[in-house]
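**Student:** Please arrange chain B on chain A, whose structure you already have, making use of the hints.
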Amino acid sequence: MRIKEHPILTFEAKEEIQFYYNGERIVGYRGDTIASALHAAGVKKLSESIHQQRPRGFYCAIGNCASCNMEVNGVPNVRTCITPLEANMDVRQQVGKGRVR
Amino acid sequence: MKRAEFVIIGAGPAGLRAAKSLLDAGAKVLIIDRSDLLGGQLTKQTHMFFGSEKQHASKRGIDILKLMVDAIIEHENLEIITNATVVGLYKDFVIGYVKADVYYKIQADSIILATGASEKAIPFENNDLPGVYAAGAVQTLMNVYGVKPGEKVLMVGSGNIGLIVAYQLMQAGVEVVKLIEAASHIGGYLVHASKIKRLGVDICTNMSVKRALGKDHVEAVEIWKLDAQWKGIEGTEETLEVDTICMAVGLAPLTELLQQLGAEVKYVRELGGNVPVINQQFKTSIDGVYACGDVAGIEEASSAMMAGEIAGIEAALSRGYDVENAANRLNELREDLSNLRNGPHGEKIRAGLAKLGVL
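Protein sequence lines correspond, in order, to chains A and B.
Read in order, the letters of the first sequence correspond to residues 1 to 101 in my numbering.
Read in order, the letters of the second sequence correspond to residues 102 to 460 in my numbering.
Looking at chain A on its own, in the form it has when it is part of the complex:
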């Protein structure tokens, strides 16, 4: 779901970065946030809510609403919409409040 052609913006080829989503290897680009890389790879559901385990995706994409919280490198509640993607990050869908691994 990457934009290939755009009348105003140019999206130059960027360095590919490998990371892990629920243990599976995924490729994103340098300059992505975790959430943008996941979305580009087709992952919209980022967590399950605390009380009803309902699917959650991002909402605000500016680090404000906490809807995009995931477990990253064993740390829960990371705001993936503003966290830059890094090589070999271990990103996991968060269930409820998540847990420290």
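Everything labelled a hint here was simulated from the structure, so no lab data went into it.
Don't be surprised by glycine CBs; every beta carbon is placed ideally from N, CA and C.
There could be a bad hint or two in this list.
[Said to hold, decoys possible] Some chain B residues close to chain A (C-beta under 7 Å, calculated; not the full set): (1) Asp-137; (2) Glu-226; (3) Asn-228.
[Stated by the list, open to error] Under the rule of at most 27 Å between Cα atoms (straight-line distance), these lysine-lysine pairs were calculated in the DSSO-like manner: (4) A:Lys-4 <-> B:Lys-296; (5) A:Lys-45 <-> B:Lys-279; (6) B:Lys-449 <-> B:Lys-367; (7) B:Lys-160 <-> A:Lys-4; (8) B:Lys-316 <-> A:Lys-45; (9) A:Lys-14 <-> B:Lys-200; (10) B:Lys-221 <-> A:Lys-4; (11) A:Lys-4 <-> B:Lys-298; (12) B:Lys-279 <-> A:Lys-4; (13) B:Lys-311 <-> A:Lys-45; (14) A:Lys-97 <-> B:Lys-253; (15) B:Lys-167 <-> B:Lys-192; (16) A:Lys-97 <-> B:Lys-167; (17) B:Lys-296 <-> A:Lys-97; (18) B:Lys-253 <-> B:Lys-103; (19) A:Lys-14 <-> B:Lys-167; (20) A:Lys-4 <-> B:Lys-253; (21) A:Lys-45 <-> B:Lys-221; (22) A:Lys-45 <-> B:Lys-253; (23) B:Lys-296 <-> B:Lys-253.
**Tutor:** The following block gives chain B in isolation, referenced to the frame of chain A:
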């Protein structure tokens, strides 16, 4: 503890312009922003701005941002901390922020809050499904990261954000299936509405979302007509096959930090919610604390820039800095700001500011 004379929280149009004023006056400035990019919402504004030439009219937001950043970035008196979230603002002007899981403290002499706003949502069944995204989020995803939010979108809200983001979705190759508006008329500039209408987007007023459909993400949406009291009318439901519901239903000022500090805030519906009580100098109820841009009332980037410049000049003057031609420049800015708010689209702002006692 680290000290800084002027700390600006938020590197959007208001914050960057306030920084420029202060640097021009010879002050040292520290800017803190939670994103890794400078510019706040300007980073994704690919459309051309309106207004007069002084306000960079007919330049794209992203290009205006570049000008603003270039004007200050090399300055020796400027320090910028990005990827840092301010989490505490104390009455003795100690600022606490978190960067890479580490908590830092700074002692400031004067604080300028330019924290902006957050997007609102509206209640409907399944409004928490992935695929229900705020319009600004969709813009960020597309215009900053080059990722499409989906393939088929329902846009909710016909203010300028809804209209502009609908157009930008089409530029990114995404189909805008429909744009709906709960009110009986289009909220934004008609020039934006006409543009997307010409491109074939159906704009329907008196209409809202009944519910989103889908298991793990949005697969369809049910919309319905609203009566004069904004209640859904049974039997008017229509199902649209979309994978994204884009919410452009307004913004709320991010005043939490101001409230921690004990600054007086007031609920003013026309300005988007709780806003700080400010005066003509953009000073809050606390000496040495200024608020400018959307945090002081939802407006637009052009007014945020002017507000930022005024706040910066006033903050510099208040600490004894010499600002060249200050009185004239301030008059000019106040006049420009009031001209910008003068048209029919400024009616809400004027009503809100009157309630605050600033007009």
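**Student:** A separate judgement is required for each hint: does it hold in the structure or not?
**Tutor:** Status of the hints after comparison with the structure:
1. Asp-137: holds (6 Å)
2. Glu-226: violated (12 Å)
3. Asn-228: At 10 Å from the nearest chain A Cβ, B:Asn-228 fails the 7 Å test, so the hint is violated.
4. A:Lys-4 <-> B:Lys-296: Since the Cα atoms of A:Lys-4 and B:Lys-296 sit roughly 23 Å apart, the hinted pair holds (cutoff 27 Å).
5. A:Lys-45 <-> B:Lys-279: holds (24 Å)
6. B:Lys-449 <-> B:Lys-367: It holds: about 16 Å lies between the C-alpha atoms, which stays within 27 Å.
7. B:Lys-160 <-> A:Lys-4: holds (24 Å)
8. B:Lys-316 <-> A:Lys-45: holds (10 Å)
9. A:Lys-14 <-> B:Lys-200: Holds, because 26 Å separates the two Cα atoms, which is no more than 27 Å.
10. B:Lys-221 <-> A:Lys-4: violated (30 Å)
11. A:Lys-4 <-> B:Lys-298: Between A:Lys-4 and B:Lys-298 the Cα gap is close to 25 Å, so the pair holds against 27 Å.
12. B:Lys-279 <-> A:Lys-4: holds (24 Å)
13. B:Lys-311 <-> A:Lys-45: holds (22 Å)
14. A:Lys-97 <-> B:Lys-253: violated (32 Å)
15. B:Lys-167 <-> B:Lys-192: violated (35 Å)
16. A:Lys-97 <-> B:Lys-167: Violated: A:Lys-97 and B:Lys-167 sit about 39 Å apart, past 27 Å.
17. B:Lys-296 <-> A:Lys-97: violated (44 Å)
18. B:Lys-253 <-> B:Lys-103: At roughly 50 Å apart (the allowed maximum being 27 Å), B:Lys-103 and B:Lys-253 break the hint.
19. A:Lys-14 <-> B:Lys-167: holds (21 Å)
20. A:Lys-4 <-> B:Lys-253: Measuring from Cα to Cα gives roughly 17 Å; hence the hint holds.
21. A:Lys-45 <-> B:Lys-221: holds (21 Å)
22. A:Lys-45 <-> B:Lys-253: Given that 27 Å is the threshold and the Cα spacing comes to 18 Å, the pair holds.
23. B:Lys-296 <-> B:Lys-253: Judged against 27 Å, a Cα distance of about 19 Å means the pair holds.
Taken one by one, the earlier hints fail for this structure at numbers 2, 3, 10, 14, 15, 16, 17 and 18, listed in ascending order.
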